[in-house]
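Residue numbers (the numbering used here), protein chains in the order written: chain A, 1 to 295; chain B, 1001 to 1237.
Please keep in mind that the hints were generated in silico from the structure rather than gathered at the bench.
Do not take every clue at face value.
Label-pair restraints from in silico Cβ distances [as the list claims (entries may be wrong)]: (1) A:96 with B:1132: 29 to 39 Å; (2) B:1036 with A:108: 44 to 54 Å; (3) A:120 with B:1014: 50 to 60 Å; (4) A:157 with B:1015: 26 to 36 Å; (5) B:1132 with A:129: 39 to 49 Å; (6) B:1075 with A:166: 13 to 23 Å; (7) B:1067 with A:166: 45 to 55 Å; (8) B:1216 with A:284: 48 to 58 Å; (9) A:120 with B:1037: 52 to 62 Å; (10) A:101 with B:1052: 20 to 30 Å; (11) B:1014 with A:105: 50 to 60 Å; (12) B:1037 with A:112: 47 to 57 Å; (13) B:1113 with A:96: 36 to 46 Å; (14) B:1224 with A:284: 24 to 34 Å.
Computed, partial: chain A to chain B, Cβ under 10 Å [stated by the list, open to error]: (15) 62; (16) 64; (17) 116; (18) 120; (19) 167; (20) 170; (21) 174; (22) 178; (23) 183; (24) 184; (25) 185; (26) 187; (27) 189.
Think about it this way: if two alpha-carbon atoms lie no more than 30 Å apart in a straight line, the pair counts; the simulated DSS-like pairs of lysine-lysine are [stated by the list, open to error]: (28) B:1072 with B:1109; (29) B:1156 with A:167; (30) A:167 with B:1109; (31) B:1127 with B:1052.
Quick reminder that beta carbons are idealized off the backbone N, C-alpha and C, glycines included.
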Amino acid sequence: MNIDHIDVIQALIDGILYGSTYALLGLGFTLIFGAMHKLNIAYAASSIAGAYVGLASISVMAIPPILVFFIGPLSAGAIGLVIYFACFRYMPTGNQLAPLMASIGALFFVDEIIIHETSGSPLSFPALLPDSYFFLGQFGIRGDLVMVMFFSFVLMGIVMFLLYRTKLGLATRATSQQSVAALLCGIPTHRTNATTFVLAGILGGFAGCLIAAAVGVLSPLITLPLTIKGLIVTVIGGLGSIRGAIIAGFLIGSFENIFLLVRGVNERDIYVFLLLFVFLVFRPNGLFGTAIDRD
Amino acid sequence: MLSINNLETSYGLIKALKGVSLDAAEGEVTCILGPNGAGKTTLMFTLSGIIKPDAGSIDFFGTSLTGLAAPKVLREGLALVPENRLVFPLMSVRENLLAGAYTRNRSDKDEVEADIEKMFARFPVLKERQEQNAGTLSGGEQQMLALARALMSRPKMLLLDEPSVGLAPVIVNEVFAIIKQLKEDGLSIVLVEQNVVKALEVADHFYLLDQGRVTFAGTPGEMENDDVIKRAYLGGG
C-alpha cells in the first residue's frame, strides 16, 4: 500500500475530530479522580448505558430522535449517582482497592445488563448530521464529526465554567485538594462528590451518544475498549489534570487513526496500548501530571 | 460560650478522649496545653464535627453541637484553623478566602468582598499574594491564610490548633500579635499550643490535657505556681 502525506493528514483530521469524544471521556474520568482520588472503572460503561437508555426511550416513546442527546446524558448522570453510592460513598476511605474492585464489578454488571437487554446485537443510532460530507481542499471532512467536535468543545467549556467560575466549582476543587479543610469551610463534601459523579456522568452520556452517533451503531462491545481508552487518556494526560486529559484525548484519537492507516484495524489498538506503556515507563506522571499531592 | 461535658472520642479501639470537660468563655482566650498524643487535635476535630464523639456533650451558646456534621458546626459559628494549616494548595489565596466564605449567602457578595479587603488589611502579605496558588506560600503565610480563611465565615469563636508549630520565632511573634488583636476585637478563642511562654501572653484560662483527660485547669497565675507544670513546661526547677 502506498501512503502519501495526504492520507496521513486525512487520518489526522479524522482522528482529531473523533478524538474529541476521548477527550470528553478522559475529562469525566479526571473529574471523578479529582474528586475522590480514586478511579471509577465503570465510568465508560455507565456512559454507554446512558446512551442505551436514550436510544430505548426514543424507540419506545414517540419523541423526536434528537432527544436521545438529552435523555442519554441525563440517564448517564443518574447512573453515575447510583455508581457513586454503590461503589464509593460507603467504602472505607483508607481502602483504595475496595472502590476500584467495586467499580470493576459495576462495569461488568452494567455491561451484562446491556447484553441481556439487547441480546448482544448492535442497534443503529441516529446520526447528528446524516450524509454530510464536504471537501476542504484535498481533504474530505465528515460533517457529523465536525458536529461531534463542536459539541465536545461546548461541553468542555461548560465544565470549565462550572469548575472555575461558580461556587459549585470552588467547592469541587476545594474538596478535591483538601477534603478535611473543605469540611471545615462548611462545604458538604459528600454532596459535592455526588454532584461531581452526576456531572461526569452527564458528560460521559454525551460522549457515549456522540460516539454512537459517529459510528452509527451502539454495541455492548465498545464499553471495554472505551474504558481502556478513557483510562489511557487519563494516564497520558496526567492523573487529575483536566488540561492533560483534553489534550491526550486528541492525541490518542489521532494516534489511533494513524495506526489504523498504517497497520490496519486489527493492529490499531496494539499500538495505542503500547503508547500507554511508553508513557508509564518514561513519563509516569503523564503530560501534565503534578507532583503536588494533597497533604 | 463553649461548654464541653465528659466528651469521649475514639479512633477504632483507641480511646483518645476519656471524658474531657472544659469551658471557654466569651471574649476570652482559653488555652489547651498538653504533650503530643494528649488528644488535643482529636478534641479540636470532635468539636468541629470532623469526628463524632462516643459520649458527652458540646454546648455552644445554648445550642447543642454534639454529633453535628462539620458544615453545621461552622454555621453555628464555631470555626477551626486546623493543625498544619491545610490550605487548598492549587487554589489562589483569594479563592481560599472565598472557600472560607462558603457558608455565607450569595446575597452577601459585596460584604464578602469587603471582608476579603479587611483580611488583606489585617494580613498585608495575603494581598500581595492574592493571585498566587496557596501551595507556593511559606509556612507563615499559609498560617495567616488559614486564619483569614476561618475568619471569612464570621465565627463567634475560633479554634486554633497549634498555630505556631513549625514556624520561625519572628513569624510566631506575628501570629501571636494577630491573636492578641483578634482578642481585642472581641473574638472568643480556644488556643491549642505547646509554646507556653507565648500562650501566657494571651491566654485568660489554661487547661492541661494529658492522655485524653484534663489534669489541670486554672488561670495563668495559678498555672505559673503549679509545680508540675512549672517543671514540665516552663523549665523552672
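Look at the Cβ atoms of residue 1014 of chain B and residue 105 of chain A and judge whether their distance stays inside 50 to 60 Å. violated, 33 Å
Looking only at beta-carbon atoms, does the pair residue 120 of chain A, residue 1037 of chain B fall within the given range of 52 to 62 Å? Holds, since residue 120 of chain A and residue 1037 of chain B (Cβ atoms, about 60 Å apart) stay within the stated range.
Residue 1132 of chain B versus residue 129 of chain A beta-carbon gap, inside 39 to 49 Å or not: The hinted range 39 to 49 Å holds for residue 1132 of chain B and residue 129 of chain A, with Cβ atoms some 46 Å apart.
Against chain B, with CB atoms and a cut of 10 Å, does the hint on residue 64 of chain A hold up? Residue 64 of chain A check fails; min Cβ-Cβ to chain B is 37 Å, beyond 10 Å.
Would the hint on residue 120 of chain A stand, with a C-beta cut-off of 10 Å toward chain B? Status violated, d = 44 Å.
Take a look at whether the Cβ-Cβ distance between residue 1216 of chain B and residue 284 of chain A falls inside 48 to 58 Å. holds, 52 Å
Does the structure keep residue 1127 of chain B and residue 1052 of chain B at a Cα separation of 30 Å or less? violated, 37 Å
Pairwise beta carbon distance, residue 101 of chain A to residue 1052 of chain B, judged against the given window 20 to 30 Å: holds, 28 Å
So the hint says 50 to 60 Å: do the beta-carbon atoms of residue 120 of chain A and residue 1014 of chain B match that? holds, 53 Å
Using the C-beta atoms of residue 157 of chain A and residue 1015 of chain B, is the stated range 26 to 36 Å upheld? violated, 52 Å
For the restraint on residue 189 of chain A, tell me whether the closest CB of chain B is nearer than 10 Å. Because about 9 Å separates residue 189 of chain A from the closest Cβ in chain B, which is inside the 10 Å limit, the hint holds.
Against the 30 Å threshold, does the CA-CA distance of residue 1072 of chain B and residue 1109 of chain B hold or violate the hint? Between residue 1072 of chain B and residue 1109 of chain B the Cα gap is close to 21 Å, so the pair holds against 30 Å.
The structure does not agree with the numbered hints 4, 7, 11, 14, 15, 16, 17, 18, 31 stated previously, though it agrees with the rest.
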